[in-house]
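Participant: Take a look at the letters that make up each chain.
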Amino acid sequence: METKLPQGSKQVSDVEVLTEESGSSRREFLGQSGRVAAGVGVAALLGNLGNYALSYAAGGPPIKIGILHSLSGTMAISEVSLRDVVLMAVEEINKAGGVMGRQIEAKVVDPASNWDLFAEKAKQLLLEDKVSVVFGCWTSVSRKSVLPVFEKNNGLLFYPVQYEGEECSKNVFYTGAAVNQQAAPAVEYLMSPEGGNYKKFYLLGTDYVYPRTTNKILRAMLLAKKVPAANIEEEYTPFHHQDYQTICGKIKKFAAGGGAAVISTINGDSNVPFYKEFGNQGLRAEDAPIMAFSVAEDELRGMDTSALVGHLAAWNYYQSVDTPQNKKFVANFKAYCKRNNLPDGENRVTDDPIEAAYFGVYVWKQAVEKAGSIEVDAVRKAVYGQKFLAPGGQIMMDEANQHTHKPVLIGEIMKNGQFKVIWRSKGLVKPEPWSEYTNPEKGCDWINHQGTYQKK
Amino acid sequence: MSVAGIPMRIILLSLVVFLPFGSDLRSALAAGEEGQTTSSSPQSANPIDQALLDIKSEDAAVRSAAAALLIEKGDASLLPKLDEIRADADRATRQAIKPVIDLLKNHANLTSEQADTRRSAAADLVGTGRPEAIAWLEASAAKEQVWWVKYTMEESAQLMRLRSEDQTVRLLAIKKLGDLRSQNGLSALKEFVETGAQSEATDEQRALATAAQTSVGEIDSWFWWAGAIETFFRGISLSSILLMMSLGLAIVFGLMGVINMAHGELMMVGAYATFITQQAFIAWFSPEHFDWYFPVALPVAFLSAALFGLVLEATVIRFLYGRLLETLLATWGVSLILMQAARVYFGDLTAVIAPQALRGGAQVMVGVYLPYNRIFIIVLSIVCVLGIYFLLFRSNLGVRVRAVTQNRNMSACLGIPTRKVDAYTFAFASGLAGIAGWALTMVGNVDPGLGQNYIVDAFMVVVTGGVGKLAGTIWASLGIGGLNKLIEPISGAVYGKVFILVGVILFLQWRPQGLFAAKGRNADA
Amino acid sequence: MTDDNLILNCQNVVMDYDGFKALNNCNFSVHYNELRVVIGPNGAGKTTLLDVICGKTKPTSGKVLFGKGINLVGKNAEDITKLGVGRKFQAPSIYANLSVWQNLDLSVKRASKGVFPTLMGRSTPAERERIDETLETIGLTEHAHDRAGSLSHGQKQWLEIGMVILQDPSLLLVDEPVAGMSDKETEQTGQLLTKLSGKQAIVVIEHDMDFVRQIANIVTVLAEGTVVCEGTVETVQADEHVRAIYLGRAKVAH
Amino acid sequence: MPEQMATQQNSRETLSFYITGFVLLVVLPVLNVLPSEDSWLYLSDFRLNQFGKFLCFAILALGLDLIWGYCGVLSMGQGVFFGFGAYCMGMYLALQIGKESVYGSELPDFMVWTQVKELPFFWYPFKSFAGALLGAILVPVLFATIFGFLAFRSRIKGVYFAIITQALAFAAWLVFNRNETRLGGTNGLTDFKQLLGYRLSDPSTQRGLYIMTVLALGAAYLFCRWIVASRAGKVLIAIRDSESRVTFSGYTPWMFKLFVFVVAAGLAGVSGMLYVPQVGIITPAQIGVLPSLEVVIWVAVGGRGTLIGAVLGAVAVNYGRSVLTNYFPEAWPFILGGLFVIVVTMFPDGLLGMIRKLSERKKTPAPLIKAEGSTAA
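Protein chains in written order, with our numbering: chain P, 1 to 456; chain E, 457 to 981; chain F, 982 to 1235; chain Y, 1236 to 1612.
Calculated directly from the structure, the hints in this document are not laboratory data. No experiment lies behind these values; they were computed from the predicted model shown. For glycine and all other residues, C-beta sits at the position ideal for the given N, C-alpha and C. Please note that the accuracy of each hint is not assured.
Chain E regions said to be covered by chain P (calculated; three or more residues, Cβ under 8 Å) [said to hold, decoys possible]:
1. 585 to 595
2. 642 to 653
3. 662 to 671
Here are a few chain E residues that face chain Y, going by a calculated C-beta distance under 10 Å [as the list claims (entries may be wrong)]:
4. Ile685
5. Leu780
6. Ala786
7. Leu792
8. Val958
9. Gln965
Please model the complete structure; the sequences and the hints are all you need to start from.
Facilitator: Structure below.
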């Protein structure tokens, strides 16, 4: 098997990138005019039209599933891709004969980046549309807001994004990473000789539950690894914060003398101003690398990557992962976006949450077939221990704790917005919803216990 | 998807589903790697070539010996080979190879053409900890022309001297670092102070501690001032952004009696115009001319925002003259529409690549580094203010605009085409927003929410400054921006903003009409 | 210096707008139950004088003594109104979206006009009677329940006068009441003002010399912020200084 | 003769009030309970609950209508007062979760992950239901009193006031988003379990809450109508038409503005208080600039200056949103923005104004409230 990553081995020069892209950019530039009309209408219709034609082909009435991702508002930028990939998976499955011979019918709703609306739309999917499973949510806030709805009505949610852990709901399957599958190994890597022996850590995040909890765990971990408290700095900025002058000044001071790294859980549109300011204030990736947990290919797609090159990220999957099934997946996704006139068409990229959303659908399909039913409790039991060859490689659902065993990959940002994998974990990492550093006494188990339990 | 593709896909899918689950992904993926690294190669006569092979050895001692040899004998010509090895290497090899690459690369870079590269190399050499680098650094420093690079080389050399065994060398280095006001030396110096303060410290350590204490004092007081200057600069920088935004707002508010909530979205139009210009350059021009897109984007941004402004004026605002609150609400609606249109059309985060000239910054003195993009915006805002001043107070058009402002009917009687003046004024203010958007692409991203980020602050500036007074807008933006940056290090960004709001409300208690209230008979008509 | 017969006594009032002195050491006094007309060229400071008296603007310096020696300077407009100064603006200032009757009802003088008394209060029969009387006086009985905004210009002016009357002011300030009125309306307005002058002091600002002649007893001429001349219509018209001001102005203006 | 007209209109209004009340209070819940789930008459729990949410918004809209529609003072910060009420109730509900929480702690979940060890002092009053009820009304009222006093007394008017309240909404949004505020940050408060011992997940509890909301809306409507019909109500309109005239009639306009601003804030608090148990979550997203402005559009669409218009607008816009986001999710901001523009420029009287114009074309008396557009600063 070829292990060289194409982007890793070939040093793509500045000029090459520009010329390489020029062909498609021109097309894109010229073709944009037709997109406005298409964009508005298509999104809404996709959910239904594509599937109706096939839905009554064989095996009984279609199985209804729900897709709960923001298609408007601030989170749309990230979440629209997840809707796209779930619909793509549904299309693939339907073409391949559906689930137990029944077609899948996807019901797409738009909670509009409004957390309250998430709860309402979740209710609607479960109570009105009576869907058998929901794929959805991005932010922890939205998940927290729909959680009571799913628990109350015994629904099933596949949640595809890395998150802060400390949750163990039997109505949710977490296909993204827990903290010990992303953040903790990344910081351990930075502390290792290979990673650069970093000794001081500036934990910078957007002010919400994921960064707060992650940093809480990281701080406990760093303290346990004998990093003095004085060498850990923690700071939070509001959503959409734009002016990072003061913070970069602080980091500069913090990093003077070397040995410092920035652990960034900055979310969304704040990243560009942050990285720009970081570079413009004379800080370099060599002085103080930024290790990010919320910057993936999809976010980099639109960014000016020149300010980001050399900085790091930790995920469980990159588009550049070199497996045959991934090549196919990436090509399929681009083709799907182009075929359906989605914005940016074949320039779209895949990333970790997109992959997690994608294999979530297949895991559910396998579980339904194993259970021979779409009934939530039966499906849930069948999910435990399911394995699937995801684009990034084999993954496994945990036997008891609702989470996913995944590999951890640390990547370096390259000029073309892709990642060069510079470190990977040995095998799959077992998910720990309750961190060993902050909640060593707690565990999550729905087979032998009722969810969260106290370890003896 | 073609019809032929379907069976293909089904086969693939079933393959995927029924693939044996036992196989460990990691081993599958890594198979190639291991195969390569274990293959040992024949002996070679050249010691360097031999070392290049040895460094891949599984024996740690062999590896480190090879590394030592490479550092001693090697030069920059080895780098491509080393990089090649590194790309395929396993973890242990990488770790062994890293210091070699670091040292050789940085040594070579000390004589680079680029000042930045030389400086980076000088800074990075400290991390290698190899004493031979001191001589390189000092030799380069002697020849160096750029003061900041020279400074870094000297600083790095002294930082490495701190690790010397020789007491006098260390003492001298400590003193030198103090003289250099070296911020990078601060943590090391503080360590000396701490060691010296311990009860079991030797006399030598105490002497070092005393010297270090003096140096730390020097550095600290220097950086207090440097910090103050940087904070001041940041305040000015934020103020200039606010000013750029508020100028257009103040014009339409003061001269036309229109509150334009879509002003931020007109900025967004300017930013997207810049982005489109960039895309056009990528598509149609050769890469070496790429940086020209930015100056070209200025008129594009101005004109496109002005055009949007014209349309907005003609379709919405002209029905609402004299109805301030209604203009506020209607333009808010327009802003929602423009934002969503951008979201649907551009779909995503898009960003503009800064031209080379606006990247990085200038080291004006030790501890004070001013980013070029910020300096650029400050200068731009000054230019805009001067431009507006001349246009409004020194040009024919300006006289007409002010005439219409003061007495619409009379102006109409005197033959001034008031409709046109309205439209042009609004378009001009919109164009200003476009310029602000153009400039903002240098500090942030281009996204549909661009306008919303600063709009509330900009309105606060207009309200605080007083309606229709250019000077008020300038002073208010300086005040709000400066205060914000002054408070922020203490209170954090959020509470800083809250303090500012409370401040503005209290300020309006004292001066309800703003800083520069229009006085006169019709003041509160 | 106080004169028992004076309801209003402005002493050395200066109103300085950024260097432009709208009122410049203006001394102006009015007796109880007098109908006084103030004339003067544009920009003479007539409206400013009324603004200063009723508390709309604060003078730069000077005193405005009202009734038994109360200085109005520094008091806010509501309080001055409660003391008994009524003001009618040049442009009709009425509540367009309320009925005529409601317009008047809001203006009736009441013990308290605070929020809660207003919230709870209902019109007493006596108040209704007064409102009806006033409607009669200003000739709007038939329009009592029309939206005030639908009245003609002259009717709006009368309505505003009616509103001011209901406040029972002892001093009524009227700014150009007949501007834009037809001849007939002007005459009726004149009669209305004359009728009222028996009960309260009235200061009228006016340009229309015919109207001035119809109503005026004593005329004060204001120019460049000071009183230039005071006396009967005839005296004033004969005054050389006054003629110079008007003619001089006229030359410049045309 | 005028009284006759007024009473005629009054009786018509009273009748429609009773009919609407009957439908909301009796017919809808009965449709929810009696028919079988397959019947076309059946109103699902979800829909009833959703309707309850709309009615909460209607209370919020009533408040804004008083201050903006009648008094002409545009407050773009109503979301803040709504949020105060909602958070007060939310804090009570969060404390009622107790050991049922994810972390099994007596403290609300978010305090566990933000490492708050002890309940902050300002949470204590909300341990009791009475404290929450009182807080939900008093907190917005007190805050509005202070803010309004500062703003109105110094004669901050028109757009100045609008911009200041918008800044208020923005600042409040930032502060509530901050985890140091100890109110749950961006996540807000959620995962509520019970209210006074009733499980919030029970349809019957939700039905009860719905009925409470209808009753509150009815009371709020009557209260507003009483204000509007009183002489003070006329003063409000008078202030809108000609503030200086009001001053020269001996009233102190800023006191009336303050009064009505405080009433609006109190109504917003009540609305928020009822909203939380029905929706089950409150986050800063409901406090910011956009939600505050959406209230304005409800009122504008329904018809400002008419109480029924405000109620109608709130329900219609929200219902439209709920339906349209299902079919054209990406189009909703266009529709909302378009509504702003069209209503403001072409239909200043909103839906109700249009209906009136159509139905009363032949009858002469113009509607009492007609937007003259004279609300300049």
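Participant: Tell me if chain P covers the region 642 to 653 of chain E under the three-residue, 8 Å CB rule, please?
Facilitator: Our answer is that it holds, as 3 residues pass the Cβ test (under 8 Å) against chain P, meeting three.
Participant: Please check whether Leu792 of chain E passes as an interface residue: C-beta within 10 Å of a C-beta belonging to chain Y.
Facilitator: With Cβ-Cβ at 3 Å, under 10 Å, it holds.
Participant: Go through the hint on Leu780 of chain E and say holds or violated, using the shortest Cβ distance to chain Y against 10 Å.
Facilitator: Since the shortest Cβ distance to chain Y is 5 Å, the answer is holds.
Participant: Should the interface hint for Ala786 of chain E be scored as holding, given a Cβ-Cβ cut-off of 10 Å against chain Y?
Facilitator: At 4 Å from the nearest chain Y Cβ, Ala786 of chain E passes the 10 Å test, so the hint holds.
Participant: Quick check on the hint: Val958 of chain E CB to chain Y CB, less than 10 Å?
Facilitator: holds (8 Å)
Participant: Would the stated hint for Ile685 of chain E survive a check requiring a Cβ distance to chain Y of less than 10 Å?
Facilitator: violated (29 Å)
Participant: If you look at each residue in the region 585 to 595 of chain E, do at least three have a Cβ nearer than 8 Å to any Cβ of chain P?
Facilitator: violated (count 0)
Participant: In terms of beta carbon proximity below 8 Å, does the region 662 to 671 of chain E have 3 or more residues touching chain P?
Facilitator: Answer violated; 0 residues pass the 8 Å Cβ test.
Participant: Given Gln965 of chain E as an interface hint, is its Cβ closer than 10 Å to any Cβ of chain Y?
Facilitator: OK, holds: Gln965 of chain E within 10 Å of chain Y, min 4 Å.
Hint compliance for this structure: hints 1, 3 and 4 are broken, all remaining hints hold.
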